[in-house]
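Enquirer: Residues per chain, in single letters:
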Amino acid sequence: MIVGRQQSSLNTGHPYPRGGEPNRAASLADARADSVCATWQGLQFLRSLERAFVLHRSLKTQITTKVVALSAAAAILLGAALVTLIVAVTGQRDAARVAFRSQQALSLANQLEKSLLSIESGLNRYVTTRESRYLGTVTRELAGYPAATRRLVRLVSDDPGQQARVAALSEAIRDYDEFWVKSLIEIVSEDGFEVARSQVETNGGRARLDRVRTQFESLFDRERAVIRAREDAAERGSARAIGLGIGGLALVSTIALGFTLYLRRSVLRPVRTVAEATGRLAAGDLSTRVPAEREDELGELARGFNSMADSLERGREQLEHSNAELTRSNAELEQFASVTSHDLQAPLTTISMYAELLERRRGEPRPGDSDLVDGIRGATQQARALIRDLLEYSRAGRGHLSVEEVPAGQVVDQALEALAGAIEESGAQIVVGELPVVRADRANLCRVFQNLVGNAVKFTGEDTPHVSIDAERDNGQWRFSVSDNGIGMKPDHARRIFEPFQRLHGEEDYPGTGIGLAVCERIVDQLGGRIWVSSSPGQGSVFSFTLPAASPADAEPARVGASA
Amino acid sequence: MRHATPRILALLATLALALAAGACGGSDDEGPSPAKPPATATGPPIRIGAKNFTEQTILGELYRQALEAEGFEVVLKTDVGSTEIIHRALKRGALDMYPEYVGVLLSEVAEVRLRPRRPAAAYEVAKRYEKRGGFTLLAQTPFSDSNALGVMPAFARRHGLRTIADLRRLKGTVKIGALAEFRTRFEGLDGLREVYGLRNLRVSSLASGERYAALQQGDVDVASVFTTEGQLAGEDYVVLKDPRGLFASGHVAPIISDRMLAIHGARLQTAIDAVSKMLTTGAMREMNAAVDLRSRRPADVAREFLQANKLL
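Protein chains in written order, with this note's numbering: chain A, 1 to 564; chain B, 1 to 312.
Read the hints as simulated data drawn from the structure, not as lab findings.
Treat the hints with care, as some may be off.
Claimed, not checked - Below, in silico cross-link-like pairs of lysine-lysine (BS3-like), each with a Cα-Cα straight-line distance of 30 Å or less:
{"no.": "1", "chain 1": "B", "residue 1": "Lys171", "chain 2": "A", "residue 2": "Lys114"}
{"no.": "2", "chain 1": "B", "residue 1": "Lys127", "chain 2": "B", "residue 2": "Lys310"}
{"no.": "3", "chain 1": "A", "residue 1": "Lys182", "chain 2": "B", "residue 2": "Lys131"}
{"no.": "4", "chain 1": "A", "residue 1": "Lys182", "chain 2": "B", "residue 2": "Lys77"}
{"no.": "5", "chain 1": "B", "residue 1": "Lys127", "chain 2": "B", "residue 2": "Lys77"}
{"no.": "6", "chain 1": "A", "residue 1": "Lys182", "chain 2": "B", "residue 2": "Lys127"}
{"no.": "7", "chain 1": "B", "residue 1": "Lys175", "chain 2": "B", "residue 2": "Lys241"}
{"no.": "8", "chain 1": "B", "residue 1": "Lys310", "chain 2": "B", "residue 2": "Lys77"}
{"no.": "9", "chain 1": "A", "residue 1": "Lys182", "chain 2": "B", "residue 2": "Lys91"}
{"no.": "10", "chain 1": "B", "residue 1": "Lys277", "chain 2": "B", "residue 2": "Lys127"}
{"no.": "11", "chain 1": "B", "residue 1": "Lys310", "chain 2": "B", "residue 2": "Lys277"}
{"no.": "12", "chain 1": "B", "residue 1": "Lys77", "chain 2": "B", "residue 2": "Lys241"}
{"no.": "13", "chain 1": "B", "residue 1": "Lys127", "chain 2": "B", "residue 2": "Lys91"}
{"no.": "14", "chain 1": "B", "residue 1": "Lys171", "chain 2": "B", "residue 2": "Lys241"}
{"no.": "15", "chain 1": "B", "residue 1": "Lys131", "chain 2": "B", "residue 2": "Lys277"}
Said to hold, decoys possible - Computed footprint of chain B on chain A, listed as stretches where at least three residues anywhere in the stretch have a Cβ under 8 Å from a Cβ of chain B:
{"no.": "16", "stretch": "171 to 183"}
{"no.": "17", "stretch": "488 to 501"}
Even glycine gets a Cβ: it sits at the ideal position worked out from N, Cα and C.
Modelling step: build the complete structure from the supplied sequences, incorporating the hints.
Expert: Laid out in C-alpha cells, this is it:
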C-alpha cells in the first residue's frame, strides 16, 4: 500500500514520468487490490448466503426438511419397535409369573390329592388291620388339608373359574372328611371294626374320593389349559414382537440405506463437484462453473460459487487489461527517460564546452566573469549528476539479473575498494564480520554495499567513523547489517529516505542527489529481500537488508578478514 | 391422534368383551348354579342330607325344592352314606336334617330290637329317642319302605319259596345280594340268623343299583330290596313274606336338629310336613321307577311331583 501511495503521489505531483518500475509496482498494487476486492465480494456473497439460510429456512430447506422427515420416520419406527418389544417382554414376564403360580397350584393340588389318597388307604388299613398307627396317619393328613386348600385358593385368585373349582373341591374334601372319615372313625369306636368294615365294603369312601379326584382332574386340566393358553399367548406375542422387530429393523435399515444413497447422490456428489470446482478455481481456472439447476440449499451453494467465479473472472480480466496498459505505459516511460537522459547529456556537454571556450578566448577577463563561468560549469555538472543518477535508478535491478551463489565477503571487499578514497578521506574504521554465501547478482549487491558504506562514511559526526558489516541467519534468509556511529536520523524519516531524491540535509552539508537508498531498495526488492533502517539522531544508524540464503544448509558464513 | 383414538377405544372394548367372554366361559362349566336368592332367608342355610340310594336322593330333592320355594336357604348333600354314616354326621352337626326310616332308626341307631309292631308306636319310641339327642323326628310319611327279600319268580317256584323261613329248606349256601351294611345289621344278616335261624346265608356286597341285575343274572339267589322300589311294581320279582316281623315298618320321618327348628320356627316344620304327608307308597314307587327304570333326573322327578301337588 505504501508503494501504491507513492505511485499515486508521483502521478499527481510530477508531470514527468519516472521510469517503468514505480508503474509496475503500481500495477501489482492494482492487481492485489482487485484480487482483494474479489475475495471481499466472495465473502460478502457467503455472508448473504448464510443470511438466506437463516431467514428463509422455512422456504428453501428442502434437504433439511427431507433429513428431518427421514430421521423422524426412523425414530418413530425404532420407537414403535421398542414399544412392541417392551410389551412382548412384559407379556412374557406376566406369562412366566402366571405359569409359575399355576405350577405351584398344580403341585399343591397334586400334594392334596395324594394326601387324600393316603387318608383313604390309611383309613381302610386301619379298619382292616385294626392297627392304630394307620389312624395316626389319617388324623395327621386330615389336619393339613384346610390350610392347603386355603393356599390353593390364594394361588388361583386370578382365575374366577378356578376359584369356583377350588371352592367346590374344598367342599367335596370337607364332605369326605365330615361324612366319611369322621363317621367311620366314630363307627369303629362305637360299633367296632366289624361294622366299620362293612361300611368300607360299601365303597362309600372310595366313591366319594373318586368324585373328589374327578374335581381335581378338572382343576388340573383347567390349570394346564391356563398355562398353555398363557404360554401360547406369550409365544404369539414374542413371535409378533420378533417379527415386528425384524421388520422394523429392516425398514429402518432400508430408510438408512436410502438416506445414505440420497445423501450420496443429492448432497455429497454436488458438494464434491463444488469442491473440485473450487480446487480448479484456486489453481487458476476461472472459467470453472458448476451446474446450478437445483432449487435447494445446494442449488444456492452452486449459484453462489458460480457468482463468485464470475466475479473473480471479471476481476482478472480487468487486471489483465490494466496490466497490459501499465506495461505499455511503462515501456513508453522507460524509452522517454532513456532518451531524455541521454539526449540531455549532449546539450549539457556542449554548454560546458562553450563555457570553457568562452573563458579561454577572453584576453582580459572582467571581474566576475570567472564566477559566472564557474556557475555555468557547476550547474551543468549538477545537472549531469542528476541525469546520471536518474539513469542509474531507472536501470537499477532491471534487465537481466545474473543471480548466482555469491560470497558476500568478496562483494564487500570489492565495494570497499571502490570506496577507498572516501574511506581514507574520512579516516573511517571498517569492521567486516563473517559473511555468508548468498544468491544474488554480484554487481547489484556490490552497488548496495557501496551505497550503504558510502553513506556511513559520508554522514559522520565529529567522532571517528566506525562502520561494521555483519550477517545473521534469519530462518531461510540472511540478514545483513551495516552499522555506523554517524549522525543518525529521526525515526519518522526512516521510511522517507528510501524514496528517490529524498534528502534530509542540504547539498552544501552533505553532497549527493538522494538516489542511493532508493536504488538499494529497488535492488534488494529485486533480489527477493527487503531493506530498512533503525536509527535515532546522534545515535548512529543500522541499515539492514535480507537476502535469500544460497542453500538451507549453509549455516556457517564464510570467514572474511576485516579491513580498515 | 384424532383418528387413532376411536381405534384404540374399539380395541379396548374388544379386549373387555373378550375378557368378559373368558370369564363367562370360565363359569359355564362350574357346578350347580347358585341357589336363587331366598325370599325370607334368615340365619344359616339348612343342610339336608340324603342316604346313598335313589329313594333318598328323591326325598332330599323334594324337601330341598319345597323349602327353597318357601324362601329357606338349603344345601343338599346327597349320597352321604348309610344310616350308620349319615346319622353320625347329623349328630356331629355336619348336617341339620335327613329323612330316615323309622324302623331302621330304631334297630340300627336306637338299637331297639323289640320294636312295636304298630307304626305309630314305633314312631313315638323313635321320636323320644331323638329328642334325647337334641333332635326332632318330624311327621312320618304315609308310605312305608321296608326292607324285604326278593327272589326271581322261577327260583321261588323251583324251591317252593313263599316266606323268609322257607329259605331254611334250601340246600347249600344261599347267596344274598345286599348293600354292605346288611351284613352287620339287625334288619339284615343278624336278624335273619336270630329270628329265622338261617345259617346257610352268605352276603354279597353290592351297590344299590346292582342288586336287581345280579338277581336276574343269577349271580345271587336272593336280593335285599326296599318295598317302594319301582322294580317291584310288576310281577318281575317275588317278595318273600316276613311272618315273624323282622323287617319293621319303613315309614320315613325327617330328623331335624332342635337348633335349626328354633332358628326357623314353626314355618320350617310346616313346610317339611306338607311334603311328607303327600308321599304315599304309590307316589314314592312311581318316582323311584321314574329314576331307576326310566333314567329321569331325581331333581326333575321331585319338581314335577311338587308342582303336581301344588307345593311349588
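Enquirer: Are there hints from earlier that the structure breaks, and if so, what are their numbers?
Expert: 1, 12, 17
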